[in-house]
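Novice: What follows is each chain in one-letter form.
Protein chains: 2
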Amino acid sequence: MSSSEVQASTRSERTRALIRDAALRSFRERGYDATTIRLIAQEAGVSVGTTNYHFASKNDLVQELYLEVQIAHRDAAEPLLATTYDLVERLGVVFRTGLAQLAPYHRFAPEFLSASMSPRSSTNPLSDESTAARDIVVAVFRDAVAGAKHSLPKEFEDGLPSALLLAHLLLALFWVYDKSPGQQRTARLLDRGLRLLKVSLPLARVRVLRAPLRELLDIVAEVRV
Amino acid sequence: MSSSEVQASTRSERTRALIRDAALRSFRERGYDATTIRLIAQEAGVSVGTTNYHFASKNDLVQELYLEVQIAHRDAAEPLLATTYDLVERLGVVFRTGLAQLAPYHRFAPEFLSASMSPRSSTNPLSDESTAARDIVVAVFRDAVAGAKHSLPKEFEDGLPSALLLAHLLLALFWVYDKSPGQQRTARLLDRGLRLLKVSLPLARVRVLRAPLRELLDIVAEVRV
Numbered sequence: 037m038s039s040s041e042v043q044a045s046t047r048s049e050r051t052r053a054l055i056r057d058a059a060l061r062s063f064r065e066r067g068y069d070a071t072t073i074r075l076i077a078q079e080a081g082v083s084v085g086t087t088n089y090h091f092a093s094k095n096d097l098v099q100e101l102y103l104e105v106q107i108a109h110r111d112a113a114e115p116l117l118a119t120t121y122d123l124v125e126r127l128g129v130v131f132r133t134g135l136a137q138l139a140p141y142h143r144f145a146p147e148f149l150s151a152s153m154s155p156r157s158s159t160n161p162l163s164d165e166s167t168a169a170r171d172i173v174v175a176v177f178r179d180a181v182a183g184a185k186h187s188l189p190k191e192f193e194d195g196l197p198s199a200l201l202l203a204h205l206l207l208a209l210f211w212v213y214d215k216s217p218g219q220q221r222t223a224r225l226l227d228r229g230l231r232l233l234k235v236s237l238p239l240a241r242v243r244v245l246r247a248p249l250r251e252l253l254d255i256v257a258e259v260r261v
Numbered sequence: 037m038s039s040s041e042v043q044a045s046t047r048s049e050r051t052r053a054l055i056r057d058a059a060l061r062s063f064r065e066r067g068y069d070a071t072t073i074r075l076i077a078q079e080a081g082v083s084v085g086t087t088n089y090h091f092a093s094k095n096d097l098v099q100e101l102y103l104e105v106q107i108a109h110r111d112a113a114e115p116l117l118a119t120t121y122d123l124v125e126r127l128g129v130v131f132r133t134g135l136a137q138l139a140p141y142h143r144f145a146p147e148f149l150s151a152s153m154s155p156r157s158s159t160n161p162l163s164d165e166s167t168a169a170r171d172i173v174v175a176v177f178r179d180a181v182a183g184a185k186h187s188l189p190k191e192f193e194d195g196l197p198s199a200l201l202l203a204h205l206l207l208a209l210f211w212v213y214d215k216s217p218g219q220q221r222t223a224r225l226l227d228r229g230l231r232l233l234k235v236s237l238p239l240a241r242v243r244v245l246r247a248p249l250r251e252l253l254d255i256v257a258e259v260r261v
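If you read the protein sequences in the order shown, they are chains A and B.
Counting from 1, position 80 in the first sequence corresponds to residue 116 in my numbering; the numbering is continuous, with no gaps.
Counting from 1, position 12 in the second sequence corresponds to residue 48 in my numbering; the numbering is continuous, with no gaps.
The hints are simulated quantities; they were obtained by calculation from the structure and are not laboratory data.
Don't be surprised by glycine CBs; every beta carbon is placed ideally from N, CA and C.
Hints are supplied without guarantee of correctness; some may be wrong.
To list a few chain B residues with every Cβ distance to chain A over 10 Å, as calculated [to be verified]: (1) 82; (2) 111; (3) 210; (4) 235; (5) 251.
Chain B stretches covered by chain A per the calculated footprint, using a threshold of three residues with CB under 8 Å from any CB of chain A [to be verified]: (6) 91 to 104; (7) 152 to 164; (8) 223 to 233.
In silico DSSO-like cross-links for lysine-lysine, where the CA-CA straight-line distance does not exceed 30 Å [said to hold, decoys possible]: (9) A:94 with B:185; (10) A:190 with B:234; (11) B:185 with B:215; (12) B:234 with B:215; (13) B:234 with A:234; (14) A:215 with A:94; (15) B:190 with B:234; (16) A:215 with B:94; (17) A:190 with A:234; (18) A:234 with A:185; (19) A:215 with A:234; (20) B:94 with A:94; (21) B:94 with A:234; (22) B:215 with B:94.
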């Protein structure tokens, strides 16, 4: 690569980062509906054409937001996961740090929800376009399960991270609807859900429960197919 | 009431029914997005002004659709509920007849979902505006529980119908995403969920599970608050 090519790429990357940062700031401050490519271009100090060159649509910028949120989620979860081997505590870490990343967006959450809820939407968390962001969360859940000392039957481990991702999305859905101060009701739901999980986990080894539970997990994990 | 008042009311009611029927047909054939007040008025043979007099917005007509679907749900469930006292079988009846009513709308389900998913949307199934339709389903679930021979602790019975409504809505959400032929994956999810419920119901009496399970149900039932 010639030196001028490196410079060009660097300049292009810098422009891209400027646009991305302006978009993420706008999503946080204005929400989804009021954010437009025109405003982002203006605030990044570039033309609409340049913005479109880097990001074909507003929804491509939502994917950048998803990536930022999920990377922050992983970075927050990892050091805490290093502090315990208990499976339920580890899952609690992942769910709690996930909710914490969402907090600044609660005001605008209904807008993001409307825009992303259709299975046909590119910003749906289960869409092909959201794969990179989704894979980060699934990997965090996989680590949480793999690094735990637990007595779950081996056959559960494969489908569990996908099922946990869905649980995380359902918890986020509950959080969107949660009008209590600081969304403390969602925190309580999580605490109590984890408490129930703690006492009921040993039951996954009980023969009559094991087969139907596993079948259920398999179907839930297929939701994206 | 004078005879002319009765006539006027009857004429007005007939016009209202014409508009309502045209709207419901349009939702079924065109979906949510492509249905407009203008088209409905045209097909009902009345003016846009007359349509607006009876229904202030398209979303008021979605409420009529919800009512029709839920009344059909109740009518389909009731005779089947008369055939069994088994709690899990009775819940199966309510979930299955509920899904059956949705079947004709699967093609357009993503549109209805996008329009109704925001907690701020009047057509959200948990909104104040949807209370009449929602109450019909909750009452069917209440009947299903109350008419069953089961050994569930008494304290569960109060919150159960609301929790079952949420389960029904989540099942419908899974169904919207289900691209399998005839949405057979949703039917399988339901079958296996019911099978798991059947074997795990007796556990609700186990002391260590009972308190956290009940607390969880209480929070879930509060989702609308």
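Novice: Quick one: which hint numbers does this structure break? Sort them smallest to largest.
Specialist: Violated hints: 3, 4, 5, 6, 9, 11, 21; rest satisfied.
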